[in-house]
Amino acid sequence: MRMKAAILAAVMLVSAACSGAPPAAQQSTEADITLSGPVAITLWHALTGPQQIALDAMVKKFNDTNGKGVTVTALNQGTYTQLYQKTLGAIQAGALPELAHAYESFVADYMKADVVVDLGSYKDSKTNGLTKESQDDIYKGYYDTNTFPQYGNRLLSWPFTKSLAVMYVNNDILKELGKPIPKTWDEFEATALAATKKDASGKVTRMGFAFNTDASYFNAQVYARGGTLMAADNKTVAWNGKEGLAVLQMYDRMNKNGSGYSPKSFDFQSDLATGKLAFFFSSTSTVPFMKDLADKASFSWSIANLPQAATDPAKAKTVQFGANVAVFKSTPDKQLASWMFIKWMSETDQSAQFASTSYYMPVRATAANSQTLKDYWAKVPQGKQGFDLIQYSSPEPNIRGQQDIRDVIFNMITEVITAKSTPDAAMATATTKANQIVKDAQ
Amino acid sequence: MAAEVIPASVRASPRRRLPVESIQAWLFLLPAVIVLGVFQIFPAIAAFYMSLFKWDVVQGAFRGFGNYTDWLYDNSIRSPDFWRALSTTFTYVIVTVPLEIALALVLAYLLFQKMRGRGIYRTVYYLPYVTSFVAAAAVFFWVFHPQYGLVNDVIGIFGIGPQKWLDEPRGLFELAASGFGVTLPEWLAGPSLALVVISLVTVWHYLGYQIVIFLAGLSNISQEFYEAARLDGANERQIFTKITLPLLSPTTFFVFTVASIGVLRSFDSVYVLTNGFGGPLDTTRTVTLLVFKTAFQQAQFGLGAALAFILTTIILLFTLIQFRVLGRRVHYD
Amino acid sequence: MTEAIPIERGLPRVTMRPRIGSIVKHIVLIVVALIVAYPFYFMVTSSFKDTLEAIRTPPTIFPNELHPENYTDAWSRAPWGRYFINTIFVSIAVTILEVITACLAAYAFARMKFRGKGILFTVFLATLMIPGEATLIPKYVLMSPSRVACAGLPCLGWFDTYQVQIVPFIASAFSIFLMRQFFLSIPNELADAARMDGAGHLRFLWSIVLPLSVPALITVGLITFLGSWNAFQWPLIVTSKPDFRPVQVGLSQFRQEAGASYHLLMAASTFVVAPIVLLFLVAQRYLVQGIARTGIRG
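Protein chains in written order, with my numbering: chain F, 1 to 442; chain W, 443 to 775; chain H, 776 to 1073.
It cannot be assumed that every hint is accurate.
As the list claims (entries may be wrong) - Anything over 12 Å on all C-beta distances counts as not near chain W; from chain H, calculated: (1) T876; (2) A901; (3) T902; (4) E964; (5) F1000.
Unchecked claim - When the alpha-carbon atoms are kept at most 20 Å apart in a straight line, the in silico SDA-like pairs for lysine to any residue are as follows: (6) F:K264 to W:Y590; (7) F:K256 to W:G603; (8) F:K439 to F:S421; (9) H:K800 to W:L687; (10) F:K291 to H:T826; (11) F:K264 to H:E828.
Honestly, the hints are just simulated from the structure, not real lab data.
Note that the Cβ used here is the ideal one computed from N, Cα and C, for glycine as well.
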């Protein structure tokens, strides 16, 4: 009897512990209030090294200058994955911070617990929001990615550490080959093959291209080839069309003729730096690491847009990357303080300053006019090369289940580059799985 | 909970002959009971409770054993994932445990004899065990590197071409056969090369520990047996197979059980060596990794907890079978 | 029961074996030792190379030029001092407390009669079979501050503390099991003699059993210390600030941060691994003796 009672009590304790969620916020007036006193808020993030130092400097500046008694504490919580896992735990425990660094798919999951603040009313608030002019200065793609069709097209996160998918080029190899930076996919493939060198035994000593199995680079190539990722109704995937297949077929060919290889973790960076590789696709946030290597091993490198199908440069496309920041429901004061911080971070001066110290992309166009960024670009021209491509970048889908779909794409590419499947077969399997995931996640 | 259990038992004891000892025993046990109760048993009960619900980020509808049946047969995505992960898990056990035991046994036997440098060998063999997988992983990435790994250089000496190791989803036998131009059917492909590498790293990690256990077992075999055997003119090989092996069987059985349970519930080794993915192509996704993926990547806590309990049940059954089948054959002196 | 012979003495060598056998034996042992030790050699040598040499292929056997400044560089990039203090404090506290609870519980299981013994022992052993991933979320919730989750119920509120890294680990079924096996091997005559002298359980445990159990205590202590030193996932999720974080969390963060600076990562790995390796070098003699008389009697 006693034992049963004890188990019952235990079960009740857990059910009580796990069902609680913060009280729903009243959105209508909360965004327009003024702070009633000093507020301390916490931001969980996944930045390390120079980027963490850059963020800490911004936070300190905000704390010193905001004049409203808002104090932000920024704390690193490991990798993005660890941050996500910890936040899921914090939702169960009712112990969320006020702000968290998050990818779109994370936010879509957090919204299942209805813990994320709709930032739309803050953005448009007469007292605390942004002017129309200021709103339009922020790139449209950044609003798109943070607006969630599954959750009533609400603005649930705000651009924070943005970047985009670009092509890194070893200029020395291209110079040796006498070729320009490829603009089309055919040129790209031919140049990569020309860059490939084998020794007498047939062992590849210099490679053309480093395969990247991450789904984002597949998506970027689908965009660059003129395709789309999701059907208009968001009910089925659309990357399985001819553009997606063309990506897989190219990988297959490059794998077979030896011009492409699968790098281990971040090897492709040092491979390019040591003259063993001509091209890789990566995020613009790789710039500081490449710059670091370039300072040590002298070689010439640059950043360019991915090769494109469209001949019209205005139609060029790539994938917009990088995480955002979400505000969790708490008290009106804390929510407002959180908004004040992220608004401040995205203002022209701060955006430019953070971009020059963190190597992420500015969130608004006028940041380019700032002297800070101009000075930075004088030192790191690749930063400007990346910036000029922002206008071509589009977000990836932000529906629930996207994280699983990324795994499916990852496996699809792996099957092709390990010669386990043909491009057609891999694509067919992946499409079935992905559409099932979309259906289950609705 | 713990506090509830104790008085009940204590109250029940006065009719026994040793009430004082019973109370005293429970006092001795109190710290362990409280800590294990609060931090192990209570969370397990709570996890079981979660496993009965749809728990997609937050608690949803009561499903009874629906999450369990989803894994076992009821769901067209979950169920194949589960059976595949289970087969991967047992393959991992089959590749790892016999190798680990055989190596540890032979090395322990060699080390048990008087010889120079015994302490040094033992120390070297023990080093991996004290190193966390997190620290070891960084090094193994390089050792088994597809382009630059030392292992590729070594097998190159024997005329074998470079392998992709941790990035190779193809089966061991499949690869070996393709070396001779033979194509094997899927079911004969064997464990993926990636899983074999993880097994080797696992053996590397636990080898020293198992050697120490075998050394301990060897020291418990009475000298008289050896002396008698030698008087009868047995040679060293006969002594090993007729005396050492049978008398060591309780130790071997212990090592076998502990190593099997260890591999069945292992998580760190696969997680760090595959960056958490269980790749390539899910060929190293063990059940524990699937639990982790379900709970912490898909936010399906109910399904994740259910899978964890299925695994616990399997481990229990596996251990019972071991005791039934092998335990009987063990030679106790 | 056969009396254990001291391991250090070992089996007398079979004298008739020719030298050749001994050489083969050494060759086998050396080859395995080289394979086992290679990753450590690689780690330490890489930690003394410069950026480019550390990623050169094939790797150089020995650094062309020694760069001990990698260590100061790696050390200065994270609050390692704080991490080490945290880890050392937590590991020592867990070890001492766990050995105490294990001794008490193991003694009760090995030497005392009480109701519920069989069931309790089974329940304890069962806790060894549940994968930790299953209980992570409930354990995490239990530690949360009493904001929402624990409305009305006692809640620990232990995030960002030392106790959250200590208390859940101060009892382990595995240690209890090991100690129990050891206590079982202590002759009953000793207990009878002690009872004749009027010694209670506590005194018998303290003045007879424990002094006899030093190798086992050291074994259990070392295994616990090791587990605590290498703890990673739990401290990562229950601490948010560097003030309370241990070295393994620091190393994992440094791994992302170091990026292409492989030599720095290897330097950091070396100084994280070194203390525990040194500890085991000093204590390994006891470890073998301890295990020799604990878990292996079937």
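Verification of the supplied hints:
no.: 1; hint: T876; result: violated (4 Å)
no.: 2; hint: A901; result: violated (8 Å)
no.: 3; hint: T902; result: violated (4 Å)
no.: 4; hint: E964; result: holds (19 Å)
no.: 5; hint: F1000; result: violated (10 Å)
no.: 6; hint: F:K264 to W:Y590; result: holds (10 Å)
no.: 7; hint: F:K256 to W:G603; result: holds (16 Å)
no.: 8; hint: F:K439 to F:S421; result: violated (25 Å)
no.: 9; hint: H:K800 to W:L687; result: holds (19 Å)
no.: 10; hint: F:K291 to H:T826; result: holds (13 Å)
no.: 11; hint: F:K264 to H:E828; result: holds (18 Å)
Of the numbered hints listed earlier, those contradicted by the structure are 1, 2, 3, 5, 8.
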